[in-house]
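*Asks:* Read off the chains here:
Number of protein chains: 2
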Amino acid sequence: MSTNVRIGIAGLGTVGAGVLKIIKEHGDLLEARSGAHLTVTAVSGRDKTKDRGVSLDGITWHDDARDLADDPNVDIVLELIGGSDGVAKDLCVKSLLNGKPVVTANKALLAEHGNALAKLAETHNAQLAYEAAVAGGIPIIKALREGLAGNAISRVYGILNGTCNYILTEMEETGGEFDAILKDAQDLGYAEADPGFDIDGVDAAHKLAILTSVAFGTPVDFASVYIEGIRNVTAADITAASELGYRIRLLGVARRTEKGIEQRVHPCMIRHDTTIANVNGVFNAVVVDGDFVDETSYVGRGAGEGPTASAVVADIVDIALGRHTPTFGIPVEKMTDIPKVPVADHVGAYYVCLTVYDQPGVIADVSAVFRDENISIESLLQRGRSKQEAVSVILVTHEVQEAALVRALGKIENFTHSVAKPRMIRIVSL
Amino acid sequence: MSTNVRIGIAGLGTVGAGVLKIIKEHGDLLEARSGAHLTVTAVSGRDKTKDRGVSLDGITWHDDARDLADDPNVDIVLELIGGSDGVAKDLCVKSLLNGKPVVTANKALLAEHGNALAKLAETHNAQLAYEAAVAGGIPIIKALREGLAGNAISRVYGILNGTCNYILTEMEETGGEFDAILKDAQDLGYAEADPGFDIDGVDAAHKLAILTSVAFGTPVDFASVYIEGIRNVTAADITAASELGYRIRLLGVARRTEKGIEQRVHPCMIRHDTTIANVNGVFNAVVVDGDFVDETSYVGRGAGEGPTASAVVADIVDIALGRHTPTFGIPVEKMTDIPKVPVADHVGAYYVCLTVYDQPGVIADVSAVFRDENISIESLLQRGRSKQEAVSVILVTHEVQEAALVRALGKIENFTHSVAKPRMIRIVSL
Chain W
75 MSTNVRIGIA GLGTVGAGVL KIIKEHGDLL EARSGAHLTV TAVSGRDKTK
125 DRGVSLDGIT WHDDARDLAD DPNVDIVLEL IGGSDGVAKD LCVKSLLNGK
175 PVVTANKALL AEHGNALAKL AETHNAQLAY EAAVAGGIPI IKALREGLAG
225 NAISRVYGIL NGTCNYILTE MEETGGEFDA ILKDAQDLGY AEADPGFDID
275 GVDAAHKLAI LTSVAFGTPV DFASVYIEGI RNVTAADITA ASELGYRIRL
325 LGVARRTEKG IEQRVHPCMI RHDTTIANVN GVFNAVVVDG DFVDETSYVG
375 RGAGEGPTAS AVVADIVDIA LGRHTPTFGI PVEKMTDIPK VPVADHVGAY
425 YVCLTVYDQP GVIADVSAVF RDENISIESL LQRGRSKQEA VSVILVTHEV
475 QEAALVRALG KIENFTHSVA KPRMIRIVSL
Chain L
75 MSTNVRIGIA GLGTVGAGVL KIIKEHGDLL EARSGAHLTV TAVSGRDKTK
125 DRGVSLDGIT WHDDARDLAD DPNVDIVLEL IGGSDGVAKD LCVKSLLNGK
175 PVVTANKALL AEHGNALAKL AETHNAQLAY EAAVAGGIPI IKALREGLAG
225 NAISRVYGIL NGTCNYILTE MEETGGEFDA ILKDAQDLGY AEADPGFDID
275 GVDAAHKLAI LTSVAFGTPV DFASVYIEGI RNVTAADITA ASELGYRIRL
325 LGVARRTEKG IEQRVHPCMI RHDTTIANVN GVFNAVVVDG DFVDETSYVG
375 RGAGEGPTAS AVVADIVDIA LGRHTPTFGI PVEKMTDIPK VPVADHVGAY
425 YVCLTVYDQP GVIADVSAVF RDENISIESL LQRGRSKQEA VSVILVTHEV
475 QEAALVRALG KIENFTHSVA KPRMIRIVSL
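Protein sequence lines, in the order shown, are assigned to chains W and L.
In terms of the numbering used here, the first sequence opens at residue 75 and continues consecutively.
In terms of the numbering used here, the second sequence opens at residue 75 and continues consecutively.
Honestly, the hints are just simulated from the structure, not real lab data.
One or more hints might be untrue.
Because identical chains cannot be distinguished in the list, a pair is counted as satisfied if it fits within a single copy or across any two copies.
Taking lysine-lysine pairs in the DSS-like style, the calculated list, with each CA pair at most 25 Å apart, reads [unchecked claim]:
1) 414 - 193
2) 408 - 98
3) 124 - 193
4) 257 - 408
5) 257 - 98
Because the structure is a prediction, the values reported are computed rather than measured.
Sequences and hints are given; from them, build the entire structure.
*Replies:* And the structure:
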């Protein structure tokens, strides 16, 4: 690539504006690090007149972002539009077809179409880079694809959604319930008006599907990710977790087992003295278990203008310097289809919260159900004592297969003294 | 580079044996990730007959490691001998002169001769890679040089020596004093028989000098690192830290200030709820403050066969794939000499422990000294009450210049009621 690298940016929202700022403020630094003079030559956004705090003078404006793919003055295309289809996808496909490297922050796109795009990138010898798509400013894709290249990975897991982590941290610190804290988060701008994408775990699942592919050398398989969000986590769960020596975090977990790969996003209990349990607020974190390196952890901001733009610019520098890596770490043809293990086959310890009337024999009945399913109980604790009102019974199991636990909870739900649907939270094994 | 990459290993100690194991166990994986078939073709070690758990059949043995540089069947030289001079240095120089890429885990060599070696690497267009030299298995060099390339770095600091962190963690957990815990650590193999290199901070300082160069684009300047080890940390300090909401860790800190760059290794108090304060035992951690990405943290094993070999192999994969980066992130000619700030100019908060006779007026005298040096006190606490025996007075200052604090402590030491030399520990600002 020439020593003058011309960049086209599609999408001038938060991240696009951040990239413009970095390139403007750090021109000399980036030239020293990349060996290239970086210039933004073309952009495309929704509104040409909007003040983004950065001048667009002398930069070509394209009304249709797809035209960046054909602009002869653009060497690298940044796709910062978002969305798994539509213009974002069109632009990436067209750019790669033209042999133009693409940098994207679009996790939905990669989770849904990553395999096809990686194939296209290889066929046309154009790099497809996406450090910003997972865990924002944390260079986790680089760490996994390159820094840990000497390891077979057995597990990668992390806090992949800052909104959920903010809500769970606030619930812990204030004792508040989910709905109230979500409302506060929305008022503060930490959660969207339509928060489902974040709090129902979809965003984290997109990122997890990408991490899984890189970690295990297998095609991206978003459809098989088990997804459960944080709406049902209660203040009582958080208190119970704390008493048991845990914290509750929404984790994405990809794990290699004898049966294949588990991919799951759900609330987890993690021992309170681990690095990841101490990741608070909007921060993200990823933990990787490699066979030679053992455990390494990565913590930083998972979203926002600066962190996300930082990751985009790192990809630009890689491309400018000619540092090339296959999209998901190995060439598409060398990828292995590894079976995905359904969550029902997951084996682990569980926290269980039952809500029952405090009648004689209820504990005996519960215990019998667990015995019949061959589930060993590590601890059992009844909260309060009241024949009029429901009480909570909190259980921690030893390792058990999820299907057995689900069967047991189904039986308990049908007890005459059961007041509410039993709840459970998976405990992370360390 | 050819698709068959031939590796020569100098030094068959722990790390060398680990590299042999990874290449043997992960041949296919490494081929998929590097696009090259990696073979160890030549080695050199102290004892040809020693059992290393890996076969050396079919591998050329060199009695003199330097001969690896001239072996026509070696494409990449691994220098795993150690030591800042002698054979290790000779081998690196000779290999680079021959245009052969070098991978090393040798922090002392890079701290002492990094600039000359980087220049040599550039002149002869041969890569000099050293991920394993800093923080073992944590891919921190890659993160700093590449992953955070879009940022001006304002500070990098970390737990860079596992032996010290193990000792400090054990002191915290057991309440024991330094000498006893060091003895245990030696018995367990976590500390060397001659522990000075670790516990006096030299090893951490080597690593910090390298991090400083990469973070700030300035030549390596080990000579200007302020170094203070952990021998003087007492059980009482650890207890006091805990009560104040801190933990004590040996940190290497490189910070850009208006006056230049501070480089210092010394025990620090860090707020107990930070990621780095929760890094225990032999683990290492590095925190980087970048202007766009904000704070990112990296945690993992800083030593040992597997983690160090993992880092070495990552460098090999980079070289095999042709991913090239200037040694310290930018070409030598583009580096800037930045003044180093002496520790006396450091401005920060301090923990101070005085040992005095509990006579009327002692607190007034101490307070007057601090007032005269314009040092503002955040908290002051006297431990115990005894006219016969010495008591401890524990102070925390607001931000103050170190020179002023040192003057104040000198005056206090000369008090008639002073029993021991006042001690201080720097507090990390967040």
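*Asks:* The structure should be examined with respect to each hint, and the outcome stated for every one.
*Replies:* Hints, verified against the model:
no.: 1; hint: 414 - 193; result: within (22 Å within a copy, 49 Å between copies)
no.: 2; hint: 408 - 98; result: between (40 Å within a copy, 19 Å between copies)
no.: 3; hint: 124 - 193; result: neither (37 Å within a copy, 47 Å between copies)
no.: 4; hint: 257 - 408; result: neither (47 Å within a copy, 51 Å between copies)
no.: 5; hint: 257 - 98; result: neither (37 Å within a copy, 55 Å between copies)
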